[in-house]
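There are 2 protein chains.
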Amino acid sequence: MSEFAFAENPNEALLAAFRRHGSGVAVITTVSPEGQPVGFTATSITSLGAKPPLVMFSVARGASSWDAISKASHVAVHTLGAKNLELAKRMAADHTQRFVGDDWKFGPESLPIFESATAIIVCKIREVINIEQNAVVIADVVNGSVGEEDNALLYYRRGYHSPGEALS
Amino acid sequence: MSEFAFAENPNEALLAAFRRHGSGVAVITTVSPEGQPVGFTATSITSLGAKPPLVMFSVARGASSWDAISKASHVAVHTLGAKNLELAKRMAADHTQRFVGDDWKFGPESLPIFESATAIIVCKIREVINIEQNAVVIADVVNGSVGEEDNALLYYRRGYHSPGEALS
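Residue numbers (numbering that gives the first Met the number 0), protein chains in the order written: chain A, 0 to 167; chain B, 0 to 167.
Keep in mind that the hints were calculated from the coordinates and are not lab data. Fair warning: there could be bad hints in the mix.
Pairs involving identical chains hold if they fit within one copy or between any two copies, as the list cannot separate such chains.
Heads up, simulated DSSO-like pairs for lysine-lysine below, C-alpha to C-alpha not over 30 Å straight-line [to be verified]:
# : residue 1 : residue 2
1 : K88       : K50
2 : K50       : K70
3 : K123      : K88
4 : K82       : K123
5 : K104      : K123
6 : K70       : K88
7 : K70       : K104
8 : K104      : K82
With the hints as extra help, turn the sequences into a complete structure.
Put into structure tokens, the structure is as follows:
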């Protein structure tokens, strides 16, 4: 193949690399100090090991959910499947319309729960690390449950996909 | 659908959720203080915003690459495509066999570079945060380049996949 030329500016390099990268899609919810449901679609959720069970995710500190996340004790992380496409889109669009339907209810720790998710884990926030305009949230998994089996939902090339056949 | 039952133990809940979640696959490389190439397959790489351009990833502090990563100034993050399946497997297997081929060379900052990747970004480590048995690495993107176009490589259900058709 052609020689790599390390000459792009770092912003373009970052954007170009992540256009070629796929990510799993999740919805993260919490409750505001006033008791309002808050949440957003996230592609950054990652396991940080099972002993003890930890997850991390990032959130933009300019996002509509940031104020509630920064004050919250717990979050619910919902992994999404192909059947959750509409939910993924809604939770990434106008924040005033994210909880207008009847597809959620308050669950453990008063967290908003979408039962159509493929799995839900309830997490207690351990640490919030501010990095420039974003924050990295580290949270302990306290319990959870699985929902219906479905093919995973992915974000790739500015759209939603599911994984194709296994490669070998 | 059936009522969610929040009764699983947290370890099982975490593992069950991430079995239903897909992740993009990358290879992260660095060079040891002795000049040896070091690297591993990672599913945790995430963009942390473009202003300034930042990435984060996690690494197990028991991993073969940990000592070099903890001492490194820079890393190279390679996003992988379906054609990189063998590379992804090799960089997740026996660490003594990861650089035995001639498919890499030393590049910017003496970092080992696999030119078959779909994109490469060169990153300067800003912060390493130890969290239990893992570490979270925050790094500034300093430059990068794109390689050949290819369908992204994903890790899902304990195997490698590429994204299927776009959902709509």
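Hint by hint, here is what the structure shows:
| no. | hint | verdict |
| --- | --- | --- |
| 1 | K88 with K50 | between (33 Å within a copy, 24 Å between copies) |
| 2 | K50 with K70 | both (26 Å within a copy, 25 Å between copies) |
| 3 | K123 with K88 | within (26 Å within a copy, 34 Å between copies) |
| 4 | K82 with K123 | within (27 Å within a copy, 39 Å between copies) |
| 5 | K104 with K123 | within (19 Å within a copy, 44 Å between copies) |
| 6 | K70 with K88 | within (25 Å within a copy, 41 Å between copies) |
| 7 | K70 with K104 | within (21 Å within a copy, 47 Å between copies) |
| 8 | K104 with K82 | within (19 Å within a copy, 44 Å between copies) |
The structure shown violates none of the earlier numbered hints.
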